[in-house]
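Novice: One letter stands for each residue in the lines below.
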Amino acid sequence: MREALAATAHFRGMARVGRWEAAFWLALVLAYFVPATNHALLGQILIWGLFALSLDLLLGYRGIASLGHAAFYGIGAYGAGWLGKYGWTEPISALLLSGLLAGLVGLATGHLVRRLQGVALLMVTLGLNLLLFDLAQRSSEITGGDDGLQGIEVAPVLGLFRFDMAGHTAYLYVLAVALLVTLLVRGLVQSPWGLALRGARDNARRMAMLGAPVDRDLTLSFGLSAAIAGLAGALMTQTSSFVSPEVLSFQRSADVLVMLVIGGTGLLYGGFMGALVYLVLRDQFAAANPIHWYFWIGLLLVLVVTFFRAGILPALADRLRRHKPGGLS
Amino acid sequence: MSDNPVVLSAQGLSIAFGGLKVFSGLNLDLVRGERHAVIGPNGAGKSTFIGLVTGFLRPTAGRIQLNGQDITQFDPAQRVRAGLGRTFQINTLFPSLRTLEAVVLALCERDGLARPSLRPVAAHTAQQQEAVDILARFGLGEQALTVTRELAYGQQRLLEVVLAFAMRPRVLLLDEPAAGLSTQQGRQLFEQLASLAKGTTLLFVEHDMNLVFTFADRVSVLAGGALIAQGTPDEIRQDLQVRAAYLGH
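First to last, the protein sequences are chains A and B.
If you use the working numbering, the first sequence corresponds to residues 1 to 329, in order.
If you use the working numbering, the second sequence corresponds to residues 1 to 249, in order.
Hints may be right or wrong, so weigh each one.
Facing chain A, from chain B, some residues (calculated, C-beta under 8 Å) [unchecked claim]: (1) P76; (2) R86; (3) P95; (4) R119.
Covered by chain A, per the in silico footprint, the following chain B stretches (three or more residues, Cβ under 8 Å) [as the list claims (entries may be wrong)]: (5) 96 to 109; (6) 155 to 168.
Read the hints as simulated data drawn from the structure, not as lab findings.
Source: prediction; values computed, not measured.
Here a beta-carbon is modelled for each residue, glycine too, at the ideal position from N, C-alpha and C.
When you get a sec, could you build the whole thing from the sequences and use the hints?
Specialist: Now the structure itself:
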């Protein structure tokens with residue numbers, strides 16, 4: 001009886017929205033009303049956080065490393081760009097279509113790499129990313145080349161809220177999408193399917209002996225992760241009305257991995273934490289030294305991995321738990 | 001349920017690794033509800049046999065039937081869904097999951113609930129209750145919320161069995177379940193299996209002859225990739241070929 005109650009409490013505790021989680025979203029909503037807030041930067045953090053969340057689903061929950069995640073981000077970004085350029089200006093349906101496109105490419109990629117592991121997997125994902133990047137650069141009549149895609153139109157959200165120069169509408173739009181997608185991923189990772197992903201991350205062989213369709217689940221998680229990356233890319237295009245082949249660069253794949261590692265993997269919010277730290281510091285470092293700011297980012301990564309092996313968020317959670325029982329839930 | 005007393009049948013199984021033939025036309029049947037031990041010296045092909053039956057290895061010839069269904073072309077997960085369970089010689093667990101989570105996961109997979117959905121594990125109370133019951137029956141109730149990698153070795157061996165048992169297999173294959181356990185712990189494990197898995201057909205590979213002769217209804221002896229003897233523990237004890245090839249006297 002006691003064990004049954006503890007079991008129920010354990011799973012309920014996992015599903016409950018924690019105080020810190022609620023505070024995180026509330027603070028982002030309140031930030032909209034604070035006049036001095038840099039909404040453009042906050043919007044960027046949310047988009048990158050969403051992108052990192054997509055990678056977290058794959059790396060943190062399923063244990064699949066990808067060095068080419070910008071491929072899906074870029075597909076979503078260009079999907080939204082082309083739709084906006086050629087007359088499909090309604091932003092929400094364009095966003096969903098762009099995510100769907102990236103998701104379909106992700107499903108195909110997942111099917112391709114489902115039997116690969118370790119370095120082979122890294123090389124294939126990196127290779128696909130580089131192929132797509134090179135293709136985008138060569139096809140300048142379609143992608144706009146280095147000048148980017150021109151003439152992207154985005155209609156007001158819900159026909160009411162026009163994207164303004166100050167970025168207020170863009171911020172609320174990004175915030176709403178980030179919240180909804182995070183809730184969706186939260187629901188998925190806390191379902192038995194989420195438990196199955198964690199199980200396959202730990203031991204795919206044992207999962208097979210539980211009768212689990214390991215390959216199918218991997219393909220699905222790849223598709224889902226790619227769709228979310230695509231949504232992040234589409235958000236970037238819609239809020240900036242600009243997209244260039246740079247969205248497909250390896251640099252972007254590396255940056256999102258660094259953000260996730262800094263924040264912490266397999267935690268849902270590690271990507272947002274990593275994006276916050278990375279982008280705020282990049283902003284500061286770049287302002288102080290526009291040429292050598294990457295040096296400081298490199299140093300930050302070394303320090304975080306050395307002193308907070310699992311990332312900043314797990315270290316913070318651990319510290320809070322020690323000070324207060326049930327601190328970070 | 002079929003009237004056929006044979007629940008698992010391996011017919012003419014052959015496999016070779018490179019030029020090395022491990023089996024060539026091996027036949028072995030399991031009778032419903034029996035506890036069947038497979039013994040043999042190292043390299044006899046015991047674990048290979050389990051690998052073939054569970055689909056981790058593919059035979060070059062022969063076929064395997066489970067409850068009359070040909071499962072030779074099935075992958076391991078399909079064989080599990082057809083009613084086969086196994087434990088591994090080396091602990092093959094989920095190190096970062098809590099014991100309870102691992103068992104709930106097994107039950108959700110068994111019940112077809114581990115598909116993409118937004119319904120949290122917390123809502124699946126029947127599986128939680130069953131997991132708690134199974135853990136209590138195997139003496140792991142106190143460790144329900146312990147992370148698997150922090151369990152003692154013996155508890156991990158037990159969890160191996162629990163995960164396979166939770167799937168309610170018709171045939172459970174145990175690859176040296178007592179490996180690494182003390183004699184006392186090994187005996188306890190087999191006693192638990194004998195009482196809890198009543199009705200389940202068990203096939204186990206084991207080196208401890210005391211455990212084999214105490215718990216097996218029937219014993220098959222493999223040597224050099226061939227089945228050299230099969231019978232009750234008493235028959236095997238007295239078989240001269242077995243004594244020469246395996247028991248050494």
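Novice: Does each hint hold? Answer for all of them.
Specialist: Now for the hints, and whether the structure bears them out:
For B/P76, the suggested interface contact is upheld, since its CB lies about 4 Å from the closest CB of chain A, less than 8 Å. Nearest Cβ of chain A to the Cβ of B/R86: about 6 Å, under the 8 Å cut. The hint holds. With a cut of 8 Å, the hint placing B/P95 at the interface with chain A holds, because the nearest CB-to-CB distance is about 6 Å. A cut of 8 Å between beta carbons decides the hint on B/R119: the least distance to chain A is about 6 Å, and the hint holds.
Interface restraint, the region 96 to 109 of chain B with chain A: holds (11 residues with C-beta to C-beta distance below 8 Å; minimum three). By the rule of at least three residues with a Cβ nearer than 8 Å to a Cβ of chain A, the coverage given for the region 155 to 168 of chain B holds, with 3 such residues.
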